[in-house]
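The listed protein sequences derive, respectively, from chains E and B. Using full-length UniProt numbering, you'd call the opening residue of the first sequence number 1 and step up by one each time. Using full-length UniProt numbering, you'd call the opening residue of the second sequence number 1 and step up by one each time.
Derived by calculation from the structure, the hints in this document are not laboratory data. Hints are not guaranteed to be accurate.
In silico DSS-like cross-links for lysine-lysine, where the CA-CA straight-line distance does not exceed 30 angstroms [stated by the list, open to error]:
1) B:LYS356 with E:LYS393
2) B:LYS350 with E:LYS102
3) E:LYS392 with B:LYS144
4) E:LYS393 with B:LYS350
5) E:LYS188 with E:LYS91
Computed beta-carbon distance windows for the label pairs [stated by the list, open to error]:
6) B:GLN333 with E:CYS301: 51 to 59 angstroms
7) B:GLN333 with E:GLU60: 34 to 42 angstroms
8) E:LYS297 with B:ASP346: 53 to 61 angstroms
9) B:GLU383 with E:HIS363: 19 to 27 angstroms
10) E:LYS330 with B:VAL323: 21 to 29 angstroms
11) E:THR76 with B:ALA293: 26 to 34 angstroms
12) E:GLU54 with B:THR296: 26 to 34 angstroms
13) B:GLU383 with E:ALA411: 36 to 44 angstroms
14) B:GLN333 with E:GLU54: 41 to 49 angstroms
15) E:HIS80 with B:VAL292: 44 to 52 angstroms
In this text, all values refer to a predicted model and were calculated from it rather than measured experimentally. Cβ coordinates follow ideal geometry from the N, Cα and C atoms, glycine included.
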Amino acid sequence: MALKRLNRIVQLSHTVSLTRPLHGSGCGLQLGAATQTEAPMESPRAVFRTSESEPASHGEQHIGQFYTIPPSQVKTIFPHGLPYRFQQQIKTFNEACLMVRKPALELIGYLKKADPAHPSVRYVLYGERGTGKSLSLCHALHHCSLQDWLILHVPDAHLWVKNCKELMASSYHRARFDQPIEASVWLKNFRVTNERFLKEIKTSQKYIWSKREFTDEGRPLGEIVDQGVTRVKNASDAVGVVLKELKAQARPGSYRLVVGVDGVNALWGRTTLRKEDRSLIDPSELTLVHNLRKMMKNDWCGGAVIATVTQTGSVFTPSSAYLPQELLGKEGFDFLDPFLPVLVRAYSEKEFESSYQYYRDRHWIQHHTVDSLKSILCVSLAPPAGHTEEGKKELLFLSNRNPAALERLCAFL
Amino acid sequence: MRSIVRLGVGGVILRALLLRSCALRRSVSKMAASSGRVLKSFVQGCCGCSSVILPSIARNVILQKPAVTVLARLVCTSSTLQRKNIAAAGPEKYTQEFIKKQIEEFNIGKRHLANMMGEDPETFTQEGIDRAIAYLFPSGLFEKRARPVMKHPDEIFPKQRAVQWGEDGRPFHFLFYTGKQSYYSLMHDTFGKFLDIQKYQDRMRAEGLFSQETKQVNLIGSRWMIKEELEEILVQPISDHDCLRFIQLLERILALPYCSMEEEYIQRFRRALEVQSKKQKIEPLQYDENEVAFSTGEGRRKTATATTIVRDNGSGNITVNGVDYLHYFPVLQDREQLMFPFQFLDRLGKHDMECKVTGGGRSAQAGAIRLATARALLSFVTENEVESMRQAGLLTPDPRVKERQKPGQEGARRKFTWNKR
Numbered sequence: 001m002a003l004k005r006l007n008r009i010v011q012l013s014h015t016v017s018l019t020r021p022l023h024g025s026g027c028g029l030q031l032g033a034a035t036q037t038e039a040p041m042e043s044p045r046a047v048f049r050t051s052e053s054e055p056a057s058h059g060e061q062h063i064g065q066f067y068t069i070p071p072s073q074v075k076t077i078f079p080h081g082l083p084y085r086f087q088q089q090i091k092t093f094n095e096a097c098l099m100v101r102k103p104a105l106e107l108i109g110y111l112k113k114a115d116p117a118h119p120s121v122r123y124v125l126y127g128e129r130g131t132g133k134s135l136s137l138c139h140a141l142h143h144c145s146l147q148d149w150l151i152l153h154v155p156d157a158h159l160w161v162k163n164c165k166e167l168m169a170s171s172y173h174r175a176r177f178d179q180p181i182e183a184s185v186w187l188k189n190f191r192v193t194n195e196r197f198l199k200e201i202k203t204s205q206k207y208i209w210s211k212r213e214f215t216d217e218g219r220p221l222g223e224i225v226d227q228g229v230t231r232v233k234n235a236s237d238a239v240g241v242v243l244k245e246l247k248a249q250a251r252p253g254s255y256r257l258v259v260g261v262d263g264v265n266a267l268w269g270r271t272t273l274r275k276e277d278r279s280l281i282d283p284s285e286l287t288l289v290h291n292l293r294k295m296m297k298n299d300w301c302g303g304a305v306i307a308t309v310t311q312t313g314s315v316f317t318p319s320s321a322y323l324p325q326e327l328l329g330k331e332g333f334d335f336l337d338p339f340l341p342v343l344v345r346a347y348s349e350k351e352f353e354s355s356y357q358y359y360r361d362r363h364w365i366q367h368h369t370v371d372s373l374k375s376i377l378c379v380s381l382a383p384p385a386g387h388t389e390e391g392k393k394e395l396l397f398l399s400n401r402n403p404a405a406l407e408r409l410c411a412f413l
Numbered sequence: 001m002r003s004i005v006r007l008g009v010g011g012v013i014l015r016a017l018l019l020r021s022c023a024l025r026r027s028v029s030k031m032a033a034s035s036g037r038v039l040k041s042f043v044q045g046c047c048g049c050s051s052v053i054l055p056s057i058a059r060n061v062i063l064q065k066p067a068v069t070v071l072a073r074l075v076c077t078s079s080t081l082q083r084k085n086i087a088a089a090g091p092e093k094y095t096q097e098f099i100k101k102q103i104e105e106f107n108i109g110k111r112h113l114a115n116m117m118g119e120d121p122e123t124f125t126q127e128g129i130d131r132a133i134a135y136l137f138p139s140g141l142f143e144k145r146a147r148p149v150m151k152h153p154d155e156i157f158p159k160q161r162a163v164q165w166g167e168d169g170r171p172f173h174f175l176f177y178t179g180k181q182s183y184y185s186l187m188h189d190t191f192g193k194f195l196d197i198q199k200y201q202d203r204m205r206a207e208g209l210f211s212q213e214t215k216q217v218n219l220i221g222s223r224w225m226i227k228e229e230l231e232e233i234l235v236q237p238i239s240d241h242d243c244l245r246f247i248q249l250l251e252r253i254l255a256l257p258y259c260s261m262e263e264e265y266i267q268r269f270r271r272a273l274e275v276q277s278k279k280q281k282i283e284p285l286q287y288d289e290n291e292v293a294f295s296t297g298e299g300r301r302k303t304a305t306a307t308t309i310v311r312d313n314g315s316g317n318i319t320v321n322g323v324d325y326l327h328y329f330p331v332l333q334d335r336e337q338l339m340f341p342f343q344f345l346d347r348l349g350k351h352d353m354e355c356k357v358t359g360g361g362r363s364a365q366a367g368a369i370r371l372a373t374a375r376a377l378l379s380f381v382t383e384n385e386v387e388s389m390r391q392a393g394l395l396t397p398d399p400r401v402k403e404r405q406k407p408g409q410e411g412a413r414r415k416f417t418w419n420k421r
């Protein structure tokens, strides 16, 4: 019995020594960086985590490691921004852990180096389905938020071009259509994220909503947002106004604006919405889309535009399409040209290992030993190395190192 | 090329043989002859016919038509009585001369056939005959047993027992009146051998040379005969119980230390089991330009066919029709099917694979690729692993195909909605 336990401990340390080189080698690279709190060696199994929660100080040595976002920040920065499955994971694990990956680091690097005086650069994240484009976007936005930028986050542009229950003709422009519900929901979330800025930024002209309602010049932007939220009929127009103001006032001296749009190919694709005479609506005939398109132009300075192109959620696109050219179409590509493409790939060996260790740590993946008596006696010890390795190889094969596939696999394992 | 040869004797033979194959079709169901019925058919066949009494009957004559009549006077019978009850006559009886004649005709026909096909008559084997017949008489029938066949008469005509009694009516065998003479004589002989072994053992004990470590009969790779095979040897129907008793007696013999004395006798009643895994054809490994070993395999399932190339020194990259397997098979079940051969052999991250697959649906394609992969991996693997793969079912092609729809029904099994009126 005691011998068996000894064997198990030996096997455990063997496992750890196998995994250590993947993560531990990075420790040697940290020399001369200012804020050094490193990959903790306190418990040898936690090598996949880092206690650096500032994306600004994430570097090459953190690739593959998970960092935690404090719950308060999650509520303010990402009221609606995180993908649904990730939100469920946060609820399950009681923590929001994001993996530091190369595309996100690259993006953050560009953002740090970008000159506010130049016109805003457009970055487009692209990649196959489930490789982590949305979460990379969220990582970049977290960084921008901690650097005190104004965040304009459209979590999924595809939601604006399909399944709209109420579509009304726009009062401002006869040929366009409004989407009151989507607009008001977005405004609410926008308000949560950017409370501080809404009090500071002032409107530059008077806006008349209806015969009795108007907003004066010089009022804080918060009032426009409130107007949109309360008077749902004018929500889409309120959104348009907000966007226009922000764009006009984003100058090198004042705040820095980052526009994050997930699924930007929806703005130039097709919609599933129909008019009353059953003809399809073009995206340019929707107010929200029209205004957002104006934001995507690079005729303003002092900020950045980060977009992702996804096939998931898009309508009328084949599932094998993932390149920007295919998903944006000619019109969209010409509009966004020139942009900086950032490819997001599936996990590397190290990242996969890290993700696996994270799930094990959260007791999400568990290995049960075959002999029930053994499992009663050796509850606190790890199972034999054989089980762990085989299981990991199976997961690797079945998911082909794709993050979403791995997550779905582990969901019911 | 068909030889337009005037079929003289050969034609007669072949025609006769074709007729024989018709006879085979009819008598396929009634194979065993029984001696008890010979007596009955004697009497029945006799009604309404009068023929000369043959003076002497040889011991081993097999009667076809009764040669001895009982009646010498004409009896007024109606046509219904005279009509022969064919079913009650039992299976057809062939005489010894008849069989001998058939054998001669067969041999002559074989030589003619060899001549026709341009082969050497001396070294013309049964496979040659089969090929020649299949060529000269192509048949589209699905049932193989209904196609024209030319085999040695011993294989076609069922073995029948000779007449068991002499002209004085006295049976030849001393166990005739038990009813199952061959079976009981076999048991008698076998038990005699058992007693011989025991006597030998006692002698060895008396001389003090008795030892337990004697040569044992090797029973591995063979099985006991089944009832049908025993019946074939004895040319007599026996029951399951009889067969069981016989096998038990043989096993009792095997339990004795000196059973190797009668090993030959015992092996006569054992049939060899084929080793299944020897049937797998394993291709040798091939090497491509970069000295990397690879192997190909093909597999089919339902209507899907797949060909795979499995390469060594890989890292688990799999491409199906040029597309990554994660995108080609979004469903987990299909990917698990792909994984099974590698997982079974513990070679999960070690090979690269390229597959091409066409036809079928997603499940059929996955199954086809799995079979093809398993076959390709045979070249990389040891004999024992081949056997374990076979037992795991990785190498068995799945025979299930879509069942055809029958007329009068909506589908293969589903009937039309039943209406009372």
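Violations among the numbered hints, reported as their numbers in ascending order
The structure breaks hints 3, 9, 11 and 12; every other hint is satisfied.
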